[in-house]
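Undergrad: Take a look at the letters that make up each chain.
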Amino acid sequence: MASERLENKPCGGRYGDIVQAIGNTPLVELKRLSPKPGVRIWAKMESFNPTGSVKDRVARSLIEDAEARGAIKPGQTILEPTSGNTGISLAMICKRKGYRLKVVMPDNVTPERTQLLQMYGAEIVYSDGSKGSNGAVELALEMAEADSSYYMPYQYGNIANPNAHYNGTALEILEELDEISAFVAGLGTGGTLMGNARRFKEVLGDTVKIVAAEPMQGEPVQGLRSLDDGFIPPIIDLSLLDRKIFVTNRDAIVWTRKLLDEEGIFAGVSSGAIARVAVRIANELDEGNVVFIVCDDGWKYLSSGIYTRPVDEIENLDSTVWW
Amino acid sequence: MATVKIPPVLRPSVGGEKQVSAGGANVGEVLNALAADHPATQSQLFSAEGELNRYVNVYLNDEDVRVLDGLSTAVGESDTIVILPAMAGGR
Numbered sequence: 000m001a002s003e004r005l006e007n008k009p010c011g012g013r014y015g016d017i018v019q020a021i022g023n024t025p026l027v028e029l030k031r032l033s034p035k036p037g038v039r040i041w042a043k044m045e046s047f048n049p050t051g052s053v054k055d056r057v058a059r060s061l062i063e064d065a066e067a068r069g070a071i072k073p074g075q076t077i078l079e080p081t082s083g084n085t086g087i088s089l090a091m092i093c094k095r096k097g098y099r100l101k102v103v104m105p106d107n108v109t110p111e112r113t114q115l116l117q118m119y120g121a122e123i124v125y126s127d128g129s130k131g132s133n134g135a136v137e138l139a140l141e142m143a144e145a146d147s148s149y150y151m152p153y154q155y156g157n158i159a160n161p162n163a164h165y166n167g168t169a170l171e172i173l174e175e176l177d178e179i180s181a182f183v184a185g186l187g188t189g190g191t192l193m194g195n196a197r198r199f200k201e202v203l204g205d206t207v208k209i210v211a212a213e214p215m216q217g218e219p220v221q222g223l224r225s226l227d228d229g230f231i232p233p234i235i236d237l238s239l240l241d242r243k244i245f246v247t248n249r250d251a252i253v254w255t256r257k258l259l260d261e262e263g264i265f266a267g268v269s270s271g272a273i274a275r276v277a278v279r280i281a282n283e284l285d286e287g288n289v290v291f292i293v294c295d296d297g298w299k300y301l302s303s304g305i306y307t308r309p310v311d312e313i314e315n316l317d318s319t320v321w322w
Numbered sequence: 000m001a002t003v004k005i006p007p008v009l010r011p012s013v014g015g016e017k018q019v020s021a022g023g024a025n026v027g028e029v030l031n032a033l034a035a036d037h038p039a040t041q042s043q044l045f046s047a048e049g050e051l052n053r054y055v056n057v058y059l060n061d062e063d064v065r066v067l068d069g070l071s072t073a074v075g076e077s078d079t080i081v082i083l084p085a086m087a088g089g090r
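Protein chains in written order, with numbering that gives the first Met the number 0: chain A, 0 to 322; chain B, 0 to 90.
Bound conformation, chain A alone (with noise of 0.2 Å):
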């Protein structure tokens, strides 16, 4: 259960099935981004998880909630809108405990995602590419009330999302440091950034700052029709954050390949972008402590070539969904 704690530190503890190893994830320094001597810049690396990203917290979140409220049986059908990491994580959870699983994502993905959720298991619906992830939830919201037999645990709106960080990921921060000045994370569902900053403001108070990395989506997938079409997920509340910064993809890439390149870490391509957003909030710093999430490992993006060709030869670098 994501509840409990490690009894045998630092081999990585013991655990009795691959879901209940979620979580527990190493906290690793990064002295050659760090611009000053006095602010240290911590990476949780979240891509240490069994499904390799953050999302194996949330699914496992999400889905034994629905058991511990009765709302799923084993054999049912999940079904969720999502352009990969929650979907593969939910893959692996359904197949490991028994429940058939349905995901609907923008046709845009990379190819590796499709890989993974078929190797697991779940089925795949496409939606529109050019209406981005709002194309995927306006789908799935459209099937879940068509067939009322799906249980859609729908991770934009489950308070499930944010407490996997609200009683995992932000308790194992804490226990590892006294003081936290900032805390950056990717702003996607809300789910990572409201659960740790209820947390961190709760035992921290007012000092640690939360800071929203977002997407600035290119303008092939800003395909709204109308402003009133966009989307906010409702677990978002704004009140939590000090700073919002939204990141190109270009600065995005860069900032991945400067993970692998300055500190050997190998991760996805939001995390560049929160770590471009970290190091901003570190260089504002005298002292402190600045961590950050890195979302998700670098293998689902190998085939698009971020970590080896120059980015202006990136194909569609403004028309893929890369986080």
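Mixed in with the good hints there might be a few duds.
[To be verified] In silico DSS-like links for lysine-lysine, alpha-carbon gap of 30 Å or less:
1) A:208 to B:4
2) B:4 to A:257
3) A:35 to A:257
[What the hints assert, rightly or not] Not the full set, but computed from the structure, chain A residues with beta-carbon under 10 Å of chain B:
4) 130
5) 215
6) 244
In short, the hints are calculated from the structure, not lab data. Small disclaimer: the values here were computed from a predicted structure and weren't measured. A virtual CB, placed ideally from N, CA and C, is assigned to each residue, including glycine.
With the hints as your guide, set chain B onto chain A.
TA: Just chain B now, with coordinates in the frame of chain A:
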């Protein structure tokens, strides 16, 4: 005058321009100047009460003004205001 970057969804309302210039000492003034020059943007940017519409995100350079001082956020001559639709992220 500040530069205002216009998202694709709003471009038909500003004659197809990707960016325009608009004057004002804060974000609210700049956006009102934009709406005065291009009246079709008014109801897309603002609610009837004059607040920013829920699905409109406005950034001073790269920071969301909603977590700064909202429409009162000060704007300098060399600043860029970026308007973006609120879209689902996350995976």
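Undergrad: If a hint holds in the structure, say so; if it does not, say that too.
TA: Hint by hint, here is what the structure shows:
no.: 1; hint: A:208 to B:4; in the structure: holds (28 Å)
no.: 2; hint: B:4 to A:257; in the structure: holds (29 Å)
no.: 3; hint: A:35 to A:257; in the structure: holds (18 Å)
no.: 4; hint: 130; in the structure: holds (9 Å)
no.: 5; hint: 215; in the structure: holds (7 Å)
no.: 6; hint: 244; in the structure: holds (5 Å)
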